Amino acid sequence: MANTLKSKIELNVELDENRVPEKLNWSAQDGGIDNEEAKAIMLSVWDSNAQETLKIDLWTKDMPVDEMKLFFHQTLVTMSDTFMRATHDEKMTATMKDFCDYFAEKLELKKN
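For the sequence shown, position 54 (counting from the first letter as 1) is numbered 54 according to our numbering, and the numbering increases by one without interruption.
Bear in mind the hints are in silico, worked out from the structure with no lab data behind them. Treat the numbers as computed from the prediction; the structure is a model and nothing was measured. All C-beta atoms in this analysis are idealised placements derived from N, C-alpha and C, irrespective of residue type, glycine included. Among the clues, some could well be false.
What the hints assert, rightly or not - Straight-line alpha carbon distances no greater than 25 Å define the calculated DMTMM-like cross-link-like pairs of lysine to aspartate or glutamate that follow: (1) K8 with E22; (2) K39 with E105; (3) K8 with D30; (4) K39 with D57; (5) K61 with D16; (6) K23 with E52; (7) K106 with D57; (8) K39 with E67; (9) K23 with D57; (10) K69 with D81; (11) K55 with D30; (12) K110 with E67; (13) K69 with D101; (14) K97 with D62; (15) K55 with E22; (16) K91 with D66; (17) K69 with D30; (18) K61 with D81; (19) K91 with D81; (20) K69 with D98; (21) K6 with D16; (22) K97 with D57; (23) K61 with D98; (24) K61 with D47; (25) K69 with E105; (26) K91 with D101; (27) K55 with D66; (28) K106 with D66; (29) K6 with E22.
Unchecked claim - Per label pair, the in silico range of CB-to-CB distance: (30) K23 with A94: 27 to 33 Å; (31) T78 with E52: 18 to 24 Å; (32) K55 with L15: 27 to 33 Å.
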């Protein structure tokens, strides 16, 4: 029997008395990340049995709105890239990229 490899990603959330996130930290040893601070986390998990997405969206109360807008834009761009790799659907990927450009334009985000 072959050895099974495992990788662990850990998320830690420090909450205030109202259960609002004050600090977010994450670790991924295989990626060389050890207890790094984050201001926001979006995690989606596919439940194949229920045919639905389970998700966790967290951000700290000191996450600046301008950074949240950038975070969303970059997440949308990354989702477009992931969609292309997963489906090879060039037409829909182009449509998604067009929306990402529209989103950035409407929010007056700087091109990186």
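Here's how the hints hold up against the structure:
1. K8 with E22: Within the cut-off at roughly 23 Å; holds.
2. K39 with E105: Holds, at roughly 24 Å.
3. K8 with D30: holds, 8 Å
4. K39 with D57: At roughly 11 Å apart (the allowed maximum being 25 Å), D57 and K39 satisfy the hint.
5. K61 with D16: Holds - the C-alpha atoms of D16 and K61 are around 10 Å apart, at most 25 Å.
6. K23 with E52: violated, 29 Å
7. K106 with D57: The hint holds at about 23 Å.
8. K39 with E67: holds, 9 Å
9. K23 with D57: holds, 14 Å
10. K69 with D81: Cα-Cα ~19 Å, so holds.
11. K55 with D30: Status holds; Cα separation ~23 Å.
12. K110 with E67: holds, 12 Å
13. K69 with D101: holds, 13 Å
14. K97 with D62: violated, 30 Å
15. K55 with E22: holds, 19 Å
16. K91 with D66: violated, 30 Å
17. K69 with D30: violated, 29 Å
18. K61 with D81: Violated: K61 and D81 sit about 29 Å apart, past 25 Å.
19. K91 with D81: Status holds; Cα separation ~12 Å.
20. K69 with D98: holds, 17 Å
21. K6 with D16: Cα-Cα ~33 Å, so violated.
22. K97 with D57: holds, 23 Å
23. K61 with D98: Distance ~31 Å between K61 and D98 Cα, so the pair is violated.
24. K61 with D47: Roughly 29 Å between the alpha carbons, so the hint for K61 and D47 is violated.
25. K69 with E105: holds, 12 Å
26. K91 with D101: Holds, at about 16 Å.
27. K55 with D66: With Cα atoms ~23 Å apart, K55 and D66 stay inside 25 Å; holds.
28. K106 with D66: holds, 13 Å
29. K6 with E22: violated, 30 Å
30. K23 with A94: 27 to 33 Å: violated, 39 Å
31. T78 with E52: 18 to 24 Å: About 21 Å separates the Cβ atoms of T78 and E52, which means 18 to 24 Å holds.
32. K55 with L15: 27 to 33 Å: violated, 18 Å
Comparing the model with each earlier hint shows violations of hints 6, 14, 16, 17, 18, 21, 23, 24, 29, 30 and 32; every other hint is respected.
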